[in-house]
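Chains as they are written, first to last, in the numbering used here: chain A, 1 to 238; chain B, 1 to 238; chain C, 1 to 238; chain D, 1 to 238; chain E, 1 to 238; chain F, 1 to 238.
Be aware that a few hints might be false.
[Stated by the list, open to error] DSSO-like cross-link-like pairs, simulated, lysine-lysine; straight-line CA separation at most 27 angstroms:
hint	chain 1	residue 1	chain 2	residue 2
1	C	K35	B	K207
2	C	K35	C	K11
3	B	K207	B	K229
4	D	K207	B	K110
5	E	K229	E	K10
6	C	K26	F	K26
7	F	K35	F	K229
8	A	K35	F	K35
9	E	K26	B	K26
10	C	K35	B	K35
Think of the hints as simulated: they come from the structure by calculation, not from any bench.
6 protein chains.
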Amino acid sequence: METLSVDTFKKLREVSTASLTSELLKLGYRNTFMKGVHPLHTNSRLVGYAFTLRYIPAREDLDFQVEYDNLKNPQRVAVETIGENEVLVIDSRGDISAASLGHILCTRLKCRGAAGLVTDGALRDTPAIRNMDFPTYAQAAHGTTSSVVHHPVDFQIPIACGGVMVQPGDLIVGDDEGVVVIPAHVAEEVVNRCHERDLLEGWIQEKVASGASIRGLYPPDESTLAEYKAWRDSQARS
Amino acid sequence: METLSVDTFKKLREVSTASLTSELLKLGYRNTFMKGVHPLHTNSRLVGYAFTLRYIPAREDLDFQVEYDNLKNPQRVAVETIGENEVLVIDSRGDISAASLGHILCTRLKCRGAAGLVTDGALRDTPAIRNMDFPTYAQAAHGTTSSVVHHPVDFQIPIACGGVMVQPGDLIVGDDEGVVVIPAHVAEEVVNRCHERDLLEGWIQEKVASGASIRGLYPPDESTLAEYKAWRDSQARS
Amino acid sequence: METLSVDTFKKLREVSTASLTSELLKLGYRNTFMKGVHPLHTNSRLVGYAFTLRYIPAREDLDFQVEYDNLKNPQRVAVETIGENEVLVIDSRGDISAASLGHILCTRLKCRGAAGLVTDGALRDTPAIRNMDFPTYAQAAHGTTSSVVHHPVDFQIPIACGGVMVQPGDLIVGDDEGVVVIPAHVAEEVVNRCHERDLLEGWIQEKVASGASIRGLYPPDESTLAEYKAWRDSQARS
Amino acid sequence: METLSVDTFKKLREVSTASLTSELLKLGYRNTFMKGVHPLHTNSRLVGYAFTLRYIPAREDLDFQVEYDNLKNPQRVAVETIGENEVLVIDSRGDISAASLGHILCTRLKCRGAAGLVTDGALRDTPAIRNMDFPTYAQAAHGTTSSVVHHPVDFQIPIACGGVMVQPGDLIVGDDEGVVVIPAHVAEEVVNRCHERDLLEGWIQEKVASGASIRGLYPPDESTLAEYKAWRDSQARS
Amino acid sequence: METLSVDTFKKLREVSTASLTSELLKLGYRNTFMKGVHPLHTNSRLVGYAFTLRYIPAREDLDFQVEYDNLKNPQRVAVETIGENEVLVIDSRGDISAASLGHILCTRLKCRGAAGLVTDGALRDTPAIRNMDFPTYAQAAHGTTSSVVHHPVDFQIPIACGGVMVQPGDLIVGDDEGVVVIPAHVAEEVVNRCHERDLLEGWIQEKVASGASIRGLYPPDESTLAEYKAWRDSQARS
Amino acid sequence: METLSVDTFKKLREVSTASLTSELLKLGYRNTFMKGVHPLHTNSRLVGYAFTLRYIPAREDLDFQVEYDNLKNPQRVAVETIGENEVLVIDSRGDISAASLGHILCTRLKCRGAAGLVTDGALRDTPAIRNMDFPTYAQAAHGTTSSVVHHPVDFQIPIACGGVMVQPGDLIVGDDEGVVVIPAHVAEEVVNRCHERDLLEGWIQEKVASGASIRGLYPPDESTLAEYKAWRDSQARS
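Full structure from sequences and hints, please.
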């Protein structure tokens with residue numbers, strides 16, 4: 001399911017979710033940034049391929065106070081199936097009245113090489129998860145175990161998370177601002193555009209920080225772009 | 001997928017969603033009544049088997065201003081697959097910022113013998129739908145076509161609707177109060193219990209309406225139950 | 001607990017909740033109209049003294065699937081205690097995920113001479129309640145019985161309902177717009193002011209409907225007030 | 001400010017808000033249907049040019065229990081300025097904790113020839129307004145007068161209403177489903193496209209109602225379009 | 001009102017709210033973790049007996065710009081009545097449009113030996129409160145004093161807080177995840193079960209962190225439980 | 001537009017938003033503290049004059065994927081117009097589904113001498129903004145650029161922000177608790193009252209922290225006030 005070259009995948013670690021969102025917008029994608037999904041850690045950085053898991057509302061005969069069967073329960077099977085560089089993305093319907101997952105499963109995800117965890121629901125054991133070196137994003141914390149509210153039903157199918165479509169294999173990128181979803185087939189292009197964009201915006205930012213007006217500079221007019229191009233070329237030479 | 005005897009299915013038309021919810025509760029099911037899902041018609045009465053359809057958030061390359069392909073689009077295929085006595089139940093994630101469906105597809109559902117339509121999203125063409133003799137339940141009305149917000153992704157799998165789990169083949173019952181979901185494997189039992197319950201509650205209601213105190217009557221104590229049993233037996237004889 | 005003269009109580013049936021809200025505002029009361037509480041009937045008209053009942057969240061050992069004890073359960077005792085011209089006002093914390101009450105208890109309330117029922121939660125058996133000649137106001141309909149969500153804890157103490165303070169004995173007035181709460185000690189004054197206000201506003205409304213500008217008329221300037229006074233005097237004489 | 005020919009303006013009365021929304025979408029406008037704004041009347045039909053009015057939160061020194069100055073208060077001046085075929089559209093910030101307007105001002109709007117009233121806030125005196133023959137759309141009913149919550153600040157400038165941009169002079173069209181805003185400069189085109197669309201969809205609807213599958217019909221394939229064109233030509237000839 | 005042995009009370013400081021919630025669930029209590037109530041401090045730890053206080057909406061004649069009477073106002077009397085190891089738990093109806101309490105009263109609570117403060121409303125002076133060594137939990141911060149929105153009405157009666165029933169004397173436990181309410185009569189049992197559970201889960205967590213699959217381990221199967229028991233016994237001996 | 005003496009402006013840096021809110025309340029202003037608007041920095045301190053900017057919902061022909069014209073776009077013109085000691089306050093209608101502004105414009109605001117930035121919407125590039133020494137307040141973070149959701153329409157007119165009226169030139173004060181708006185014409189009075197109030201409350205706080213009961217002390221009775229006055233006089237002398 002990996003779709004990016006090693007070099008591109010590496011570049012993804014250097015661009016912000018805001019930049020990615022802007023470049024996706026230029027390709028026509030308006031709705032790519034998850035709503036209400038926040039990092040549990042500061043200086044959080046998440047890059048990986050979506051491994052999706054879907055929850056629906058629990059029902060007493062299937063979920064409540066029923067022991068999990070690790071060999072069949074889709075949540076447990078997903079955790080034991082996920083691979084390296086994959087991100088577990090859970091469709092929790094935005095329901096934060098119980099957790100989507102807790103500390104032990106997070107630990108297992110990390111041990112399997114997963115890149116991180118994203119849910120539009122809540123997490124439990126958040127004090128312990130905050131002490132792990134494992135990027136996690138959620139809407140809230142809640143002490144109640146998932147089975148009171150959620151029934152894990154299937155995985156690796158298209159889902160909703162944070163109001164955004166997520167397909168298995170989509171690129172999931174997170175920073176301290178939040179999480180962006182990049183459709184797999186445009187990821188290569190978006191990353192490269194972002195890289196160029198960040199060079200330009202960094203150059204603009206430096207000028208603005210030095211006191212320049214944004215007029216003609218942001219967005220850059222032709223003369224500014226020419227000046228930038230000259231600088232960019234000189235940088236490339238050195 | 002039909003699970004009920006003709007007689008039981010018929011009885012379902014005579015019980016209220018409030019009664020069904022109470023009897024499901026006695027079996028341990030606390031969460032069976034959809035939240036925020038209202039009938040478009042007055043004196044609405046819906047009974048049928050769930051035929052589920054799932055939407056996730058739309059994405060510009062897949063949905064927006066793309067012509068529907070009737071042979072592949074899961075929404076259209078679902079509409080052309082649904083059978084008699086089935087209810088199309090759509091998981092719209094409670095999103096009412098565009099419609100889930102409109103008048104022409106409703107008309108087709110009715111022509112195919114479907115029993116009704118339930119969505120936790122919005123409907124469009126609601127003035128025309130209100131003029132149809134076809135039970136529909138939704139959270140709101142919205143003029144915008146579904147593809148701006150929704151991507152139909154699959155059907156006949158377990159979904160969420162109005163905060164309740166819906167499995168294909170579950171019994172869907174609606175009246176002017178709203179919609180209840182009955183797990184298929186307990187439907188027969190629940191209907192029969194409801195029938196008995198309604199006889200008892202009708203008898204109690206009559207007494208209360210005639211001025212009786214609820215003490216000893218509602219809930220009925222042993223002496224009341226004995227009196228009821230005598231009346232019930234006399235009714236059965238006549 | 002009755003605080004109004006028969007004549008004043010009767011006048012209350014003739015004024016709108018909008019007028020009452022405005023006169024209460026003139027006395028400094030800004031927050032008297034319940035939020036999100038709607039009539040179940042059209043042409044609804046409710047006037048009575050508040051009889052308050054308070055619910056808190058249910059707990060499994062006290063509420064769930066426990067048979068109601070009519071001699072002790074505060075909901076049942078309240079229903080069997082309420083008197084003529086009293087309105088049962090339930091503090092349901094605005095929680096509409098289950099009902100506050102249903103048809104049989106409504107029937108008992110009516111038989112006891114209660115003036116009506118107000119809750120900021122939901123009601124069940126709403127199709128049956130709509131067929132009763134008994135003014136009821138609620139936020140929603142829900143088929144689930146109250147004990148899943150609500151624990152009745154005490155009655156005839158000050159409560160919140162629809163975001164407004166309600167003291168036992170306050171005047172509760174409802175029409176098709178909603179419900180206003182009038183503190184008992186200002187009710188007499190407010191009703192009389194409303195009566196005068198409605199005469200004036202009716203006279204203004206007639207002029208506006210005949211094509212008059214609102215300038216100088218609404219609000220009335222001195223010359224308009226003089227004209228009104230003359231008309232009012234002539235009316236009084238005839 | 002009138003931008004449409006008499007003929008086009010008349011055609012607007014015959015198309016649904018759902019059709020208009022779809023044709024606007026084809027021109028690239030995704031967000032044209034107001035959220036949460038409902039008609040007070042059944043069989044409501046509103047067509048007119050937007051006359052905008054903006055409210056911001058009230059402040060005690062400017063609003064509360066201050067007598068309205070009809071010669072200066074922007075709400076009152078707007079009401080006395082609006083002309084024929086114009087619709088008063090109020091930006092109430094979606095705040096329904098007090099009314100935006102009441103019965104007397106509605107009456108004056110009607111007498112001045114205004115086409116209707118739209119607010120994303122609440123209205124008061126709604127029982128009286130429902131008895132008027134004057135199309136009004138709001139989010140809720142609330143008995144409290146506007147000055148407790150709203151400060152009218154200016155009119156005939158671009159505003160937000162129901163989550164949609166409204167420019168003075170935009171076309172406002174309402175039916176039982178809700179309200180759509182048509183940018184003035186595309187109104188002529190949209191109306192004509194809608195007229196054609198409704199003819200086609202009516203023809204499709206009739207076929208579906210007669211039992212046709214939606215395959216090849218909705219959306220119409222080439223062969224269906226040819227059949228429709230033939231029917232359309234025959235209709236034009238007769 | 002103290003119900004726990006000194007030893008058990010001490011153990012409560014060592015278990016997480018997530019563990020407590022799970023053990024309460026096993027006893028049938030599903031709704032024990034407060035919704036939307038967060039610690040103001042990091043590394044927060046709260047253990048104590050609930051001392052409840054109830055607010056209802058303010059009314060101008062009783063609350064607004066009226067000087068507090070410390071001898072009668074229930075908020076002030078509660079603050080001067082609370083004892084050691086007690087937690088002031090305020091039912092603020094989840095209303096965050098003004099504070100429930102501020103810095104000076106927090107200081108008094110601490111001086112009286114109270115264990116902490118919990119409200120489902122807001123707090124004011126939060127920068128100063130964050131500098132205190134006193135565990136506080138709230139939904140938000142708001143600069144406005146309580147009397148604009150809240151009327152303190154009574155204390156030491158059952159209340160709602162964060163959507164959970166709280167009885168005077170219930171155990172209130174808080175950590176960085178949030179707050180759990182333990183009914184007094186099951187507290188001893190729950191604490192002991194939690195202690196055992198945490199030993200087991202710690203052992204499992206260590207295995208998972210070392211790379212073990214969750215299959216057979218989490219939840220533990222019979223062979224795992226036997227292995228754990230052996231380890232547990234060896235620990236007990238050492 | 002500056003209305004305060006240098007001395008008073010300086011004093012504003014020493015008072016808390018909670019104190020200011022209380023003194024505004026004593027003058028009759030109940031609604032002055034913004035709802036849901038939080039600082040991005042800890043130990044945040046903002047004082048300045050409001051420079052207002054208004055957004056309405058975006059429309060595709062005016063906003064989406066249209067290059068910003070820095071010479072005309074009101075957002076850009078506002079940024080290039082704002083002066084020293086002014087705070088850019090943006091009416092974003094509380095919409096957090098896209099950003100109101102990002103890092104480069106924040107940098108420009110700071111370079112122009114602006115005192116800070118307040119929006120009731122979201123900000124983007126929040127990790128970079130958090131690294132700036134520039135006080136910013138917002139409701140959330142969102143990676144999406146403003147033009148997808150917002151159309152900047154005008155500036156320096158009265159607006160709504162966080163549910164509070166903001167007039168150009170009003171005093172905007174922020175701390176870690178949030179943001180308060182002080183009408184320009186009462187600012188001098190309010191600041192001075194706050195200064196006095198803080199002296200008194202600091203003296204009370206110290207007594208409470210030393211173990212004094214709040215009875216007679218908070219609020220202070222006549223004897224306490226006399227004691228305070230003596231202390232205050234002694235302080236003034238030293």
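Going down the list of hints, with the structure as the test:
no., hint, result
1, C:K35 / B:K207, "violated (35 angstroms)"
2, C:K35 / C:K11, "holds (25 angstroms)"
3, B:K207 / B:K229, "holds (15 angstroms)"
4, D:K207 / B:K110, "holds (13 angstroms)"
5, E:K229 / E:K10, "holds (25 angstroms)"
6, C:K26 / F:K26, "holds (20 angstroms)"
7, F:K35 / F:K229, "violated (36 angstroms)"
8, A:K35 / F:K35, "holds (19 angstroms)"
9, E:K26 / B:K26, "holds (20 angstroms)"
10, C:K35 / B:K35, "holds (19 angstroms)"
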